[in-house]
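These protein sequences, in sequence, are chains A and B.
Under our numbering, read the first sequence as residues 38 to 376, first letter to last.
Under our numbering, read the second sequence as residues 226 to 563, first letter to last.
Be a bit skeptical, because a hint or two may be false.
Quick list of the computed label-pair ranges, beta carbon to beta carbon [to be verified]: (1) A:Leu-219 / B:Lys-502: 42 to 48 Å; (2) B:Ala-532 / A:Arg-314: 53 to 59 Å; (3) B:Gly-260 / A:Leu-219: 17 to 23 Å; (4) A:Leu-87 / B:Asp-431: 44 to 50 Å; (5) A:Leu-219 / B:Pro-412: 34 to 40 Å.
Computed cross-link-like contacts, DSSO-like style, restricted to lysine-lysine with a CA-CA straight-line distance of at most 27 Å [unchecked claim]: (6) A:Lys-83 / A:Lys-345; (7) A:Lys-188 / B:Lys-337; (8) B:Lys-275 / A:Lys-188; (9) A:Lys-244 / A:Lys-311; (10) B:Lys-406 / B:Lys-275; (11) B:Lys-406 / B:Lys-440; (12) A:Lys-164 / A:Lys-345; (13) B:Lys-275 / A:Lys-164; (14) B:Lys-227 / B:Lys-406.
Simulated from the structure, these hints should not be mistaken for laboratory data.
The C-beta atom is built at its ideal place from N, Cα and C for all residues, glycine as well.
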Amino acid sequence: MNLPASSLPPAPAVGDASLLHRHDRDFLLGLYERLVLIREFEERVKFLFLEGTMPGTIHQCQGQEATAVGVCAALQADDFITSTFRGHGHALAKGLTVQEMLDELFGATTGCCKGKGGSMHLGNMAKGMVPGIAIVAGGIPLAAGMALAFKLQRRPQVVACFFGDGAVAEGAFHEGVNMAALWNLPVVLVCENNLYGASTRIDKVMKHPCVAARAAAYGFRGETVDGNDVLAVHAAAQRAVAECRAGQGPVLLELLTYRRTGHSRRDACHYQAKDEREAWFARDPIERFGAQLLGRSDVSAADLAAVKARVEQQIQTGVERARQAPQPTIADLTTDVFA
Amino acid sequence: MKRQGIAEALRDGIAEEMTRDPSVFCIGEDIGVPGGWGGAFTVTLGLAEKFPGRVIDTPIAELGFTGMAVGAAMMGMRPIADVQYGDFLFLASDQLINNAAKMRYMSGGTVKVPMVMRAPIGATGRGSQHAQSMERYFIGVPGLKVVAVSTAYDAKGVLKAAVRDDNPVMIFEHKLLYGSKGARAEPGAVDATSEIPDGDYVVPLDRAAVRREGKHVTLLGWLLMAHYAMAAADLLAAEGIEAEVIDVRSLSPIDYDTIGASVRKTGRVLLVEEGPKTGGVSAEIAAGLMEHCADSLMAPIVRVASADVPVPFTPVLENAYRPDVARIVAAARRLAQS
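One chain only, chain B, in its complex shape:
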């Protein structure tokens, strides 16, 4: 057992999978340069030395190397690709959406595309194009599995499960949760470290996690918002409101068993999402809950999300853009009292 942050846990998870299975390799930009960073957030630091020839630095060509990952996966490899910033997935999306996601179906079930695409997201003082919450753009793509990891324990377990899965899996990570050290550390980072067991383990790709039990209101979030929801729950508890906090974690498919059980208990749902309110994952979950457990709802579903604007740079506006603990508390309080 050791305490690790997400970057370290992912690094160990990747190394263990590469040791276990020679078909696993990494492909991306600046991931294995000697004297470099090990990717934008240090996740692959040192792996190129440990696994010569299996950590492939590419040109700046997200569409190209994503397509290469798809092709390599179809031929029996298990690539772990990553983009430095999730925003670059728009460049890669033809290969992800038109090829990786559809190959199995259009081939009548004969092609397998066992690849992982990792992507950091989140508003972090970088303006509009290194900041977007990208998971919303992929949850509606049949053939892709979409996961978001908010703790080091989950990051390692999900990574391993994703590598072993025979389908394309997208793992979203948050820049404020990596716990990257030194020059790659992030101002405003939140502690997402976990006690990591020594042995091998996986975290299923299709399950939400109940982070805190409560009976008055269900708070649903993922990535940074799962942490903010936990902080909000602490404050709400002091007011006598017992919030149940669920880290949605699996964004496609959505785990309505776990979420639905909570909603049936509390009857009140607050969805917290970093990313513009319109067209977000929260909208999908809210609609899904109406289909799964509308009868249990004692109040309308509430969303706390970012404004419908591009992510702003200046800290005053960025902080106003992204949901914070105070907004979550206020919304949950109103909901609990409704």
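Looking at chain A on its own, in the form it has when it is part of the complex:
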């Protein structure tokens, strides 16, 4: 196996203990619940899709939950995110409800985009999430433009722009990043480096394996973070957000993580080496964080089990409602084209 240096999984350590004790119990359990919610949501969506009851296609994020949760926990409600075709986790982390998302995935008018967006274009502007942009790197110039608006309007918001390692090869990455850097725009560029663009491993498409190093070429700060450590992601995102709010943006965060499921639909991931998968499965972000939490005197296994039970119930209720949610009428076909 020819692993780029930066993508070698760090030892499955328990993480930085000082971070664990910097936060209060409710905040930490909140993070844990968000992680579990995304995992269980994705697992249920996968089942519904394979069962054939949910239309469309899916791009899932099992294994990457800590990137979305860690970053969004560092944002305010009126900050924005842009996302990609793999956006379920981002949406849940930014505060979209299970119900509005499931309704959307079932194509219902009660979905967050009235059924006109679907899995790849989930979003809710009122909650600070632009509909997912499913063209690789397409959200990067757009996020820079949102940040430009905040700067021109002298508003304090920041944008967190999620993209994958594959986006780094696109022209849009370089154009958007260059301008964000030129004008010190408040955008946190969040590269979820899961080692694969669709089925192609990054060492086949990158001479320089460190994504974060690209920031220096544009004159701003980049940082590589263990993307499967939610507290490390959160801490890095907090630093980045603070710099952006202080007019010292942008910041590029490279979050090293791993996609446990296929790129989309029925992809069985035969291109992922067995030892690589096993190494990353051993660093599962939820199991690791759960183990960390149990190291605190005020968190018990029963607390974690209660979280899981609550999430499962929430999703079960959501699915039952979404199956009954109202479908559009043909008259809806031609609405919402123009403002």
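Let chain A serve as the given structure and place chain B on it in line with the hints.
Chain B in isolation, oriented as in the chain A frame:
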């Protein structure tokens, strides 16, 4: 009231909109460089001094700055972006077509993208890549409004209407119609000046303009071809053929009310288009007229368009490529007599 060319009228229109609304700003290449040109055709000359920080010069990155305009528009700004040459829109088209045009629909009607994209087009001695008629590539994109301005009056009024519109609007301009002066003047330019009223006015984005009334044949054109059609109508009048000339102006949506009324009167339609005949705007209008007023047609619809070749450089071939007044007259004469 003052007489202005398109470049000056656009400049005043942009300045007035920027004064009226602080969310309006300009973004593009070489548009605000001190000692520079004010964009490739002088439209933004002097605006950077008048509106500090609101005329943003970008790197040469059409995809990037177009995406930035889309993002800024989504956050409540009203950007006026421009490309130096329309041909560069191919670079920007992902952001225009996949993001600007679709955001409202995919968001279930919650996102607004109030942005303007200006683009000069036309064959003007620059060879194949600074010359194409680009409007055809955007008229079939739901979610975009596409307008082409052929007079200074329209340019200013359309610009203002576009800035105030809550949707992405593309304004196509012609390099031979700007009336740019000095080093930026164009050989072969056509007078597109207008009397510009002192007060505020807008020109609707969805209406064609009847430039000359007639009863024998309807000539449809836009940009430079609207001017050539007017010149052709003068010559046809001397032969006793009264041509009605319509500046189509709104290319998406197409104003079938105005055009259809003319077709019902004349029964004969000649479409004039700069740009290859195959896959052009004229094809869309011809098909639309068959749906709207086929019963009124007394002869098959005729197109005069450019050859299906890249725009050539050498003047002999460029002139042969682009429709001219003589070809329009000849085609209209045959049509009127058919």
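Hints versus structure:
| no. | hint | in the structure |
| --- | --- | --- |
| 1 | A:Leu-219 / B:Lys-502: 42 to 48 Å | 43 Å, holds |
| 2 | B:Ala-532 / A:Arg-314: 53 to 59 Å | 58 Å, holds |
| 3 | B:Gly-260 / A:Leu-219: 17 to 23 Å | 20 Å, holds |
| 4 | A:Leu-87 / B:Asp-431: 44 to 50 Å | 47 Å, holds |
| 5 | A:Leu-219 / B:Pro-412: 34 to 40 Å | 36 Å, holds |
| 6 | A:Lys-83 / A:Lys-345 | 18 Å, holds |
| 7 | A:Lys-188 / B:Lys-337 | 19 Å, holds |
| 8 | B:Lys-275 / A:Lys-188 | 20 Å, holds |
| 9 | A:Lys-244 / A:Lys-311 | 24 Å, holds |
| 10 | B:Lys-406 / B:Lys-275 | 20 Å, holds |
| 11 | B:Lys-406 / B:Lys-440 | 38 Å, violated |
| 12 | A:Lys-164 / A:Lys-345 | 25 Å, holds |
| 13 | B:Lys-275 / A:Lys-164 | 37 Å, violated |
| 14 | B:Lys-227 / B:Lys-406 | 17 Å, holds |
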